[in-house]
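K.L.:
Protein chains in written order, with the numbering used here: chain L, -11 to 440; chain A, -11 to 440.
Note that these hints are calculated values from the structure, not bench results. Some hints here could point you the wrong way.
Selected chain A positions facing chain L (Cβ under 8 Å, derived; list incomplete) [claimed, not checked]:
| no. | residue |
| --- | --- |
| 1 | 5 |
| 2 | 79 |
| 3 | 82 |
| 4 | 251 |
| 5 | 316 |
| 6 | 368 |
| 7 | 372 |
| 8 | 373 |
| 9 | 411 |
| 10 | 417 |
We treat Cβ as the ideally placed atom computed from N, Cα and C, and that holds for glycine.
Number of protein chains: 2
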Amino acid sequence: MNQADVIVIGSSAAGLVAAITGKNANPDKKITVIRKEEKTLVPCGIPYIFESVKSTENDLMPSEKMFDTAGIDLVVGEVVSVNRDEKSCTLRSGEKFGYDKLVLATGSKPTKPSWLKGAELQNVFTVPKDKVYLDAMQVSLADCNKVVVIGAGFIGVELSDELVKSGKEVVLVEKLPNILALAFDEDIAVRIEELLSSRGVSLKTGIGVQEIFGDTRVTGVRLENGETLPADAVILSIGYKPDSSLAIDAGLSVSETGFIKVDEYMRTEDPDIFAVGDCAEKRDFFTRKQNPVMLASTACAEARTAGINLFKLSVVKTFNGTLSIFATALGDTGFGVAGLTEKKAREEGFDIVTGVFEGTDKHPGTLPGTHKQMVKLIFGNESGILLGGEVIGGLSVGELTNMIGFIIQNRMNVNSILTSQIGTHPLLTASPAGYPLLKATGVVARKRIGLL
Amino acid sequence: MNQADVIVIGSSAAGLVAAITGKNANPDKKITVIRKEEKTLVPCGIPYIFESVKSTENDLMPSEKMFDTAGIDLVVGEVVSVNRDEKSCTLRSGEKFGYDKLVLATGSKPTKPSWLKGAELQNVFTVPKDKVYLDAMQVSLADCNKVVVIGAGFIGVELSDELVKSGKEVVLVEKLPNILALAFDEDIAVRIEELLSSRGVSLKTGIGVQEIFGDTRVTGVRLENGETLPADAVILSIGYKPDSSLAIDAGLSVSETGFIKVDEYMRTEDPDIFAVGDCAEKRDFFTRKQNPVMLASTACAEARTAGINLFKLSVVKTFNGTLSIFATALGDTGFGVAGLTEKKAREEGFDIVTGVFEGTDKHPGTLPGTHKQMVKLIFGNESGILLGGEVIGGLSVGELTNMIGFIIQNRMNVNSILTSQIGTHPLLTASPAGYPLLKATGVVARKRIGLL
């Protein structure tokens, strides 16, 4: 039996970071990563293989090189069982690997609904993190002109935009009233809808799919209102579920929705087994309820925590809970959200106060490339603590959203934000006198003392 | 005598924000802004009038409209004296304005060294925030081909780049060993030098100016080593000094370097007189020593504090001290710094540990427009608290620098940063597994436990 101090199963973002952080913290330990795939993809880059970067070959994660540099062993093979008593994993090939510590980074799989008639037809695709599948899908899509994308979360929106850029006719169907409805408030989502439409994607929101039809190959989609959409291909982007089968088979507890139960340091019930990334349970930053978010960035944060704490709890984990921080872009317009939306906060029963400010992302606004920038902030009404922020702007929005994320994680309030210092520059940011983050906070300050 | 509840003298960034914040917090108070200039400029936009935005007309601060919307009175006139007993200001016209609270936002003036021979010659310019002066300067520069810029701080660097873009031959002279030497560590500064050179600016660093020469009009500059540089025009960008003459005449204390002394709420010795912006004394975030930094963003932070606290100390000021946060850009490359550089930290006697990581600002790096991103962080060695960060990257660097600013202001340490959550997106940020801010922190974590 092969033996390693640490075995990491899976090598997407979470597995990669857990292995590297683990090795960095424990240079004398032997760490082996076992993964199914010959090559792995940058997960968030997958929508962009359809036009911006052209192929999966341009979306490869350089994990082999990173493992090699770090001194980590890589084994390509599928782990089919974990024996907790023997502390070993068995591969489909029959090969066995013993471990002292095991990290499950088995990820997630796209939801392919069995209840949806026609989902099994040819040219009906999902979007897994699987190079072989995606390469074949791209070959098939090359002959397709009309594509219906079902599900307008981030993947669905990004894919639709890419496919339109590549010259296809795209209809994006979403059962909820708005695209990105779980991520953004409606006032933000409608702006993204306007932009996506203007870029050529046809939107059908607030309407579900009744069936996908065709002979052997898909020819169309019927909506709940009877309307039919002709389709050479259909892409289902209606969500992902945790891939926790190995953990379940090994007798580890999972939540009702299938996430592997973990503690604050990403340890499962078995103190020698950690779980990180999409397969691991997440607790919400604000409520401690389960949070089903699946983000590479969240996965990496968990992986860092696991990697550092594999052999001893050597780091006090000062940030607790999962904070959703998303961003995306369509052309030169970026959108981001950190923490609670107004809608989610109200649903959870938070007493809140919101502030909105619209400005520009450069100053003066006469500078070439200036983009409008809007910031919406959600604060606790009595505590004055920031609970969430949504942003529309140019391409600096990703880091601006991260800034809001740090403000939330530090539990900053109206006063501490207003008296903070920022830096500004004409070519890089809004003006110091009209910095939307601070101006939106100012609106909230005035509302709280009854002046607005 | 005219009477107002609050008079603000000056209406660049600090005066504007003090007036508007003051009015927002006290809607029933009459606020009057008195300024010398008919029209005011966006201060940080001034270097860009020389090419990017073409003229001062495209760099105007829309203050008239903002005052009008807020219900603030604007008077154009020069205040020549303040009578603290009578609580009044007198204009050059003889007109008098009584106040209950007075805010001095009188700004700064460019240093024009009397010791420098030839500084009085025709076509030797400084860079004041004065539309009339700058308009005349632009007319004169139109006939000039060879320009020597003396002083490679931010203004000198930005101006040089703009003038080259406009087709002129530019030599930038700096007495210190590197350009931007007070803002960045040498390892960062040399990269900016390479870029600025590649864009066509000739650099002369580590050498002072002996004299400027010419008949009535400048024809050249002689350096300390005897070398002469032909020049149709010379621009002195060697710093600014606080314009505190009104305060001094009114008997208020100023520091040895001329900054008006203020407390944490921007109050001068006279409880009814506040000072904000370039004219007001700043205390350093890390050492409480005087910090001579002059930034519009700092000025606005001070102005917000003054505006909120004009009539009562209604906000607990949770952020204390002046934190330098700078950023600028040359083409599509941005540079930023927040807090202490390695050099400054060592000079102050901090026991530090640094971490550097180089990655990209998009992921995968095959995406069009991907720019390298380098982050250098300076932590306290024992405390593990972040003291400063320097960044080179694409145009998201401004907000990334602000993120580092928030991390510093929240006194986050290695552990709290490493266990924080960030958001990432291919088009907007580095990858979650290679996010330079976190990777540089990881380097420091390993150094601190003796692994690097």
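K.L.:
Which of the numbered hints above does this structure break?
P.N.:
Violated hints (numbers, rising): 2, 3, 4, 6, 7 and 8; every other hint is consistent with the structure.
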